[in-house]
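4 protein chains.
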Amino acid sequence: MTSPDRADFTDPVGAIARTATSCSNWGRWGADDVLGTLNFLDEAKRREGAALVRRGASFSLSQRFDTHGPQRGWRRRSNPVHTMLDTGADFALGNHPFPHGLGGADDVISMPLQCSTQWDGLGHIFDHGKAWNGRDAARVVTSEGDLVTGIEHMAPHVAGRGVLLDVGRVIGDDGELPDGFAITEEHLTATAVAHGVRAGRGDIVLVRTGQLARTRRDGWGDYAGGPAPGLSFTTADWLHGTEMAALATDTWGFEVRPNEFEHAFQPLHQIAIPHIGLLIGEMWDLDALADDCAADGVYEFWLTAAPLPITGAVGSPVNPVAVK
Amino acid sequence: MTSPDRADFTDPVGAIARTATSCSNWGRWGADDVLGTLNFLDEAKRREGAALVRRGASFSLSQRFDTHGPQRGWRRRSNPVHTMLDTGADFALGNHPFPHGLGGADDVISMPLQCSTQWDGLGHIFDHGKAWNGRDAARVVTSEGDLVTGIEHMAPHVAGRGVLLDVGRVIGDDGELPDGFAITEEHLTATAVAHGVRAGRGDIVLVRTGQLARTRRDGWGDYAGGPAPGLSFTTADWLHGTEMAALATDTWGFEVRPNEFEHAFQPLHQIAIPHIGLLIGEMWDLDALADDCAADGVYEFWLTAAPLPITGAVGSPVNPVAVK
Amino acid sequence: MTSPDRADFTDPVGAIARTATSCSNWGRWGADDVLGTLNFLDEAKRREGAALVRRGASFSLSQRFDTHGPQRGWRRRSNPVHTMLDTGADFALGNHPFPHGLGGADDVISMPLQCSTQWDGLGHIFDHGKAWNGRDAARVVTSEGDLVTGIEHMAPHVAGRGVLLDVGRVIGDDGELPDGFAITEEHLTATAVAHGVRAGRGDIVLVRTGQLARTRRDGWGDYAGGPAPGLSFTTADWLHGTEMAALATDTWGFEVRPNEFEHAFQPLHQIAIPHIGLLIGEMWDLDALADDCAADGVYEFWLTAAPLPITGAVGSPVNPVAVK
Amino acid sequence: MTSPDRADFTDPVGAIARTATSCSNWGRWGADDVLGTLNFLDEAKRREGAALVRRGASFSLSQRFDTHGPQRGWRRRSNPVHTMLDTGADFALGNHPFPHGLGGADDVISMPLQCSTQWDGLGHIFDHGKAWNGRDAARVVTSEGDLVTGIEHMAPHVAGRGVLLDVGRVIGDDGELPDGFAITEEHLTATAVAHGVRAGRGDIVLVRTGQLARTRRDGWGDYAGGPAPGLSFTTADWLHGTEMAALATDTWGFEVRPNEFEHAFQPLHQIAIPHIGLLIGEMWDLDALADDCAADGVYEFWLTAAPLPITGAVGSPVNPVAVK
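Quick note, the sequences are listed as chains A, B, C and D, same order. 1 is the number of the first residue of the first sequence in the working numbering; add one for each residue after it. 1001 is the number of the first residue of the second sequence in the working numbering; add one for each residue after it. 2001 is the number of the first residue of the third sequence in the working numbering; add one for each residue after it. 3001 is the number of the first residue of the fourth sequence in the working numbering; add one for each residue after it.
For the record, the hints were derived by calculation from the structure and aren't laboratory data. Among the hints, erroneous ones may be present.
Heads up, incomplete: computed chain C residues facing chain D, CB under 8 angstroms, no partners named [to be verified]: (1) GLY2088; (2) GLY2172; (3) PHE2265; (4) THR2311; (5) GLY2315.
Pulled from the structure, derived: some chain D residues nowhere near chain A, Cβ distances all over 10 angstroms [what the hints assert, rightly or not]: (6) VAL3013; (7) ALA3017; (8) ASP3090; (9) GLU3260; (10) GLU3262; (11) PHE3265.
Since the model is a prediction, treat every value here as computed from it, not as a measurement. From the three backbone atoms N, C-alpha and C, an ideal C-beta is built for every residue, glycine too.
Let's have the full structure, built from the sequences with the hints guiding it.
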């Protein structure tokens, strides 16, 4: 349960400190841990997840990566720039060095790792200079990258049971929560009950707000950093207590925006990543999966969402694939 | 079966033309097809694949993405360059704008899509100006990217039954085939028999040569484009006839290098991608999975290898995850 | 003089064809030419230019290169993304490998070559598939770059006499021409007369509209591609007849926007680059220089604006330096 | 003069400390200085330099920027990757959206700012955590870039009198100094005497070793970071005492490699940049200019070498142009 003093939104520093203490997983998996809550995703959970493949239908939960994405330049985050090294046009015209009619095309991309559908790695957020497991952020994430908890360590792990909590559909109007709507533990529990599903230890939990459907209809607007529905700061205990392996949403920043505290910025990140060690996904496209779940009433599935093992990265683009 | 005239390695143009005719899948899935042999990977195959998750053990089949990769600059292919937009060092020193002790790190990557563990998309290779399904390559892959068969179309599909054919272990010495070794259908069949496994319609077939293990020990050398074990041109019929969904190897270029024809360059690509419509994976790291398969004698598994849906891309980095 | 039929803005194809004929420099400097009007900038002109250094005062005519630039993503043009490979923060904390107290910082940039203050190379624009000097654009600019007239060929040449025509100050209100204002030869001549300066053979001519000053005050708005003051299509004869070496403006696209023809896009580019062989500069910051010229009444100076010799580039960022 | 104890190459820390004290320019131009020795390059010097334009002949001193450059990946330094956004091939085939026969090509580059011919900015090197003018490096160069002495501040300044000291030609064999050759003040003075030129206050001094000519003939080898001729650590007093504005060489790292101290790395950088505030150029191509100087016996000229004003950059690619 969320204690009342956490709901006092006048003192972010105090609330963060108290919540960090109650939610801390520091040391839980030893001093050398680099996986955080992915430790909850064990082989038994994978067996349970694989058993959920009943029809064999698969769904990509990724937005497309291109210059039409949501980024506006905040903190130098741009949309991906994809360019060609060779083209079919050139090969058709003979502008190439290859024999026997061979032609080909290659390409290049330049992108922030947080530009679109992504995982936040454990080195993405710090609390008062402390990274996951209590480490000194100044030694963990340098200009060479995350030297300790780089996302490459997660490469084989993110495959297991996925659970969709379509809060937009259960609590919102026409499947969408309004911007600024703070999703509480009560909303999440009500949604799970409505779906007849349970999100627990080792699960990868997907929370749909409906905001992405809205931007698909109305344009990006301030999707990147602006007002959005999202998790209330008060859900920290729930994030911690369920012992979930990971959580992802269809919004830019996973927690409600504007943040509930005045003069605050993403306070729930400050708990979830460095203290809980939670793997957080953002900007996932949950709409096609959500439609299918609404149609068949089944909100659990096999989910693989493998980050690219970019050495030292604090995030990774990802194409999560759910199979029902 | 491979007909004798295909094995006449003096006439690449003629051999390619004959093989293209016998192996063509053009029109098989309609004029608008953008998936090629991924069409073989259906829901039934996914159910079959998911049933292979017995222990719940998961394996990443990806090399790490960093500047220590194999690229040497050929056709402007470089290794990935990953840089930080923010660091823990800066946050520890107070060099940041955030309140209440929040700190964070972001990062950026610039890389060729074919730089490391990857899928070749259907727009990656052409035969005499023709792309997959007989389309005019000049209209399909322009400097804007692959306008028709971009890899984004494959986003939800690449999850199914994986089969490992560890030819290095069965045919080679100490688990490795020498550079220049041409793997024939006979070697592949013998390997499957030795493993007690069958690779067929809709499967994602992984062929391990052992070359990556060698480079791990001896250094990259000419891994990128140089001599390598790999599939013989004569395996085209096997690639086509098995109706596999995809094939990946642990080498730079999937086929044997030097190529079997004189004055040739990657002739099997010229059949496999534009004519068969085969999804090809390269530079996969199959070693940990292969060790496990050798230990438990089980060479089939659930495999998810979801490309990033980069709009118009002719390839994608990928972190394939196998679960047994 | 501009003939009346050129001023008939209902037929862009016809007007472009007629103007191309009258303004063509094809073959003027031989079939192998890669310099276009830079051929007019000879050693005598450099001696004349150097003699204009009277005070020794120098001015940069470049905008700053950063994410706060004008680009909005049109045709994948983004603002520059500059990231650090090493930082002082890391060195102060000891996060580095160097001995005896040495520290250092390195950096990386990713940018379109047309993102900010720039030269358009001769391969930047084509007319009906013809590049500068009548060459086949399909063979000149491939996905490997400009194989013939890459901007590297201009590396030693762009240093000579500069002339500022501050049309904004002479013709406009408060130093600025309104968006959509078409600058004609008459305006240019009147400005030169008002300044007491003459722009002729071999000169680098700078035309200030004042639009950049406006965006500095009011924000970028649609600076990139939107309405702007600029040269009228009817100035083609003047561009050709003066035998200038190069021309640069303080706007995104050098010619008036919206373009004077209906359903047209940058028709003067289609004459100036492929037919005249004119080196065109865009997004230059002429304001500090213009203030100085207004103060001392001297509108001519030594100007060096050396493109980076990027092999095969069709443009280059540049920091032009004027010295009076 | 170089004191004997500086030539004691067993104690880099001590030698650096002593030399830093004797060569320091901290505070010389006030606490807010962002220009270092560029302060010596004043208007009088520019007048003097411009008077050296006698023939009007111009020379680019830049290597070409492309994937064939010298970088090998050390500290994530790669060669530039230049790709096309549009091509002539596509326009010739009609693969574009433009009216009336207009076609065009755009391009993109991704490169380290220290990849080829470049200036090192004042934020490039620190001594025991101190940047130029005694500032705390941890506050000056963060992951956002150089917040104080970014190279954009130098944008209008680097135009003046250039002097070539062709030490390779005067001291070396066949115009080249061998790798590992330490150029002392005596060599520099003898070269100036042989040339009949004087390098002094406010000059931009170019020191040619001949190494680039050698790599042009023999291949890059270890040009990037390997053995090279270059300035001896003992030239620190000369760099300081001449009051030159800037110095550039044709080598990767300006000082002799291997460095003269054991277990040292670029100790002269540690004096020249943070203590002297010297602008240092590296990888310049001085060969064509040197040939001309040898032919006409004139080793002084007008030189413009304007860095791109990349906000917060600690270096910049540059195309220096000399005019005689």
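A quick look at each hint next to the structure:
no.	hint	verdict
1	GLY2088	holds, 3 angstroms
2	GLY2172	violated, 25 angstroms
3	PHE2265	holds, 5 angstroms
4	THR2311	holds, 4 angstroms
5	GLY2315	holds, 6 angstroms
6	VAL3013	holds, 24 angstroms
7	ALA3017	holds, 26 angstroms
8	ASP3090	violated, 5 angstroms
9	GLU3260	holds, 28 angstroms
10	GLU3262	holds, 26 angstroms
11	PHE3265	holds, 17 angstroms
Hints 2, 8 from the list above are not met by this structure, while the remaining hints are.
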